[in-house]
Amino acid sequence: MLKYTIRRLLTIIPVLWLVSAMVFVLIHLVPGDPVLVILGAAAKPEQVEMMRQRLGLDQPIIIQYWDWMIALLQGDLGASILSDEPVTRLILERMPITISVAAVALFLSLAISLPAGIIAALRHNTYTDYFFMILVILAMSIPSFWLALLLMMLFSFQLNLLPVMGWISIFDNFWSGIQYLILPSVSLAFIMAAIVSRMTRSSMLEVLREDYIVTALAKGTPKRFIVFKHALKNAFAPVMTIIGFQIGFLLGGTVVIEDVYSIPGVGRLILGAIANRDYPVVQGCILMVTSIVVFVNAAVDVAYAYFDPRVSFDK
Amino acid sequence: MPDNFENISGKIRTPILEVRDLSVSFHLLEGVIPAVAGVDMVLNQGEVLGVVGESGCGKSVTAKSVLRIIPCPPGSIDSGTAMFEDRNLLELTEAEMEGVRGNKISMIFQEPMTSLNPAFTVGDQIAEVFRFHRGMKKREAFERAVEELRRVEIPDPAKRARSYPHQLSGGMRQRAMIAIALACRPRILIADEPTTALDVTIQAQILNLMGQLQTDIGMSIILITHNLGVVASIADRVVIMYAGRVVEEGTIDDIFACHHHPYTHGLLRSVPRLDRPSEDLQEIKGIVPKLNDLPRGCAFSNRCDYVMEQCRQREPVFKPIGSGHKSRCWLENRPW
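Chains as they are written, first to last, in the numbering used here: chain A, 263 to 577; chain B, 15 to 350.
The set of hints was computed from the structure by calculation and includes no laboratory data. Note that the coordinates shown come from a computational prediction; the quantities given were computed from them, not determined experimentally. One or more of the hints may lead you astray.
With a Cα cut of at most 20 Å, we get these calculated DMTMM-like pairs of lysine to aspartate or glutamate [unchecked claim]:
1. A:Lys495 x B:Asp138
2. B:Lys333 x B:Asp54
3. A:Lys485 x B:Glu105
4. A:Lys306 x A:Asp320
5. A:Lys491 x B:Glu108
6. A:Lys485 x A:Glu472
7. A:Lys491 x A:Asp521
8. A:Lys495 x A:Glu472
9. A:Lys485 x B:Glu110
10. A:Lys491 x B:Glu112
11. B:Lys299 x B:Glu108
12. B:Lys304 x B:Asp289
13. A:Lys485 x B:Glu32
14. A:Lys491 x B:Asp138
15. A:Lys485 x B:Glu112
16. B:Lys118 x B:Asp230
17. A:Lys485 x B:Glu346
18. A:Lys485 x A:Asp473
Okay, the calculated bits of chain B under chain A, using three or more residues with CB under 8 Å as the criterion [unchecked claim]:
19. 118-128
20. 140-154
21. 184-196
Glycine included, each C-beta is placed from N, C-alpha and C at the ideal position.
Chain B on its own, in the form it takes in the complex (with noise of 0.2 Å):
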């Protein structure tokens, strides 16, 4: 792919984050699991890439592989680079990632319940970034996380900052996580599942609030879901993960109006619409194999209604089908 290309609304994209033919397994008691195998993404300068897939398809584990978050052991990054500011941060020593994490790339979780530490306040939380990543003394950093408070719009700032986590409700956290993560107005932000725990009312506003502040910062968001409906509100591409691979990646249109993935088919099946009827609604057979026993050839081959000879013979390649938009399937046409 060349450094630079055209997307459907005609502006020139420039990769801020490059993952290529990226590895990641756990060697467990049951034997090595493969959670992520050759996985390529891209994000571009200030675009919401989605990244969608069922649970355990490799999706959470990619994002903390290229912050290098993985518990090791018992999971080891087999091969891969991640190609970010002209570093593969795959090949950082530890005190250069460091620098990174939480610099110029964040992160933020699914459960704002249990993702902040309950012995500390949230102010002293939030100013600990600054005293790592900005070298603030002890005050300076915990008035600046007043302001960081104030920033993702919680009442009280002040106070707030001298709360405990248990001591607000997990809307309140989850925007004092994203007060974390953007502290240091990050280059990416990756953000897994940020709103799959809250209630829907806050979820939009997490949304939107997420929306805003990469507006105003500039930065590019990695959102990681499972929730096809916040992907089409508010990403510019998507890629679609299935048993740690890639199988469909495309704009938000190549997704939702002309996939070519029998799965990426599935997953928009399976999501209730207001305007067709229920009984139209279908989940997609079978359950998710075992990363250690999947089926040969194609790792979708087992679930697939489209499934041909070739399927369990080979596995598919990654091949382009049109401007941006890939898919890695042996269908030439979309037979639906």
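Excised from the complex, chain A in its bound form (with noise of 0.2 Å):
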């Protein structure tokens, strides 16, 4: 288990390199030169060959990534192009915001799916089943940011009973923060509990059809021990892996989601800067929440060999 564990973390590393490669990369590619948004249309030739100068464009790109690779190292992401700040305050400073919305409908998520899945699993083919299966089918056709407009609507416009938008954090107020965290991480819950119920549901439906299920039953194990244990430990390890791909679409929906209830967090960062061309804060930020995928799913890989004892047998 520690041999499996601690190869299994040594692989992040090359994978961090492929993933901040591919973000500057991507990022070069992208059309649109951000010298020429910053000054303007009209600016004289002479402005934007200077512009470029300070900015390091005129460099080749090798060297750029060079420099830019060596003061990520030293944790140095960059300044902003519009405000000069250092990318990585800009990001700290609005990462908490991200995480606790993001964290928030992760529990919710969870809390919603779990037991739904099991429950789904055990009344299986009954009409309990069926409806649960179809809240799901609904649930996850329904689009995150048309579901924060109608619960905007709802429960801000006609109930009255949470902030339309904005933010406060529940570390300056709890209580305030907690309204505002409502809406925007329930509208992104929905989905992902509707992703993992089903997995909850169709993972526990196979593994009750086990032999070791029949043993367990056979040698006088009380049904609630069979479920919560020789059943859910089966069966939860392919439902973390889902839990760990949805980590990634949940920090992708908070984009919109901070848009909808403008929530001044990473998505609203990444947004702004994507429009400005800011590509030293969209380098960092992409970087930044890649990382957060890659170390979740490091943690879900480690995780799974608890699961299943199998996963890290060595030979």
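Need the complex rebuilt from these two chains, each delivered in its own frame; the hints are there to steer you.
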């Protein structure tokens, strides 16, 4: 298990390098000259040239990459072209906001989907099962931005229960913070809950048909132990993989949701930076989000070995 | 049948499990499948009862129904009683059944590769039995699990208890299954084709082990198999099943030396023997009919070499033809 864990964690290094290289290349392939965006289309050629030199854009791409990489290894993601603020600081200021929305969404979706999936599997082919699965299909088909607007109309405009948009940190004022968190998290949680509960259900159904469940029954294990010990530990491994993937989508989903609800998170930072060709910020944000996804998936793989010991088995 | 009867060896046998008129069906998309239709079966104290038949004849379903571990739905136990220790197992509550399973009646299965949970150590899976049936704490139960592994002759039991099933060979896993089944010294062990998935050398080891532990514990065994060789080596009495019915029942000598039912005859003739030229090896013609599409009259009539007109009209009754020897056939005398 330890050997497996170390081996798995070591594979993060090349993956992260590859991710950083791809982020860099993609940004430089995207059309649109940042200098012209900053200076305006009417800028004189000399001004443009000076700006290029200042940003290092006159250097060959390899040199640019080298400089960027060296700085990156020192934790320096460069400075915003627009505001001249360090990208690291811009991201770190906004990251807690995005993470809190995503974390609450994750928590909500798991709190709904795991019990729903288990119950649907245990009541396979009954009306309870059908009910949950119809809900799942519904939840999967509703785009989160539209759901966000519907929720906003109902809870904020009609019922006046929750704020329309904006943000108060839960660390500044817990109760107001919670109120601002609810709608964005719920809109994000919906689709994830649907996917995870479907996966939980099918995984449980498969496991409940296994021979070792019959063995457990035959030795007198009580039903709840069979479900929560014997079945769930086996069924959870594939579910966890899906959750790992979904965390990536969740972070992507926050970009849209933050825009809908005017939340000053990383998502809006990315959108603004893309609109202004502020490529150091775009690079930094994407790198940060992809790193999180890489780390989460590594953690999922390590946890997988706990749920399924065959994975870490060294011959 | 009287409560006590004398068997061939003259010992008094006391019934420990009496299954009467058991019917089990499965409600599937293709219709209702009567997997077990009115089975009577008696297991006596300390004996090994062989249950023999082709795949799908209802032998496993009968055993699993007694323990009530068939999935319901789609399965349903439609009628019958299974008397054990003055209680009808088919009427017990689920909680009462949990106290019987693995404690008084245990079961081991055909596939040692898939019968153990891959996510838990072997020791943990044995320890569970002690925790549920003996109320032991985790540690004590685990120590007892190591003892049980030693008892089934697994080398280095302390280490093996911490192994996961995938780290053990097939024979080892079946030993571990036996350890689970026998942990609470049950009165009955149901062994559902326990050696089918194993190599021949390992088969003999497992059978020997079961025989030895049976003597130690003094339990009764229901041995489900389609291997007549296995039955001949360890069973005292045999029940032959076909299409969800018991077609013949008798001592090992009744079945091997003076069997009465043509199906039993066919089964025995299809076993290769060293003392007989291989041309004599004969299969039973035809295939097992679908359980929801059985021929009228006797279920075996469409495959029987000795079929008579009345066989196609009425189902034969299960009648005694000797002391403890019964057969479900219209034939008066054996034609072979």
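Of the hints stated earlier, which fail here? 7, 11, 12, 13, 17
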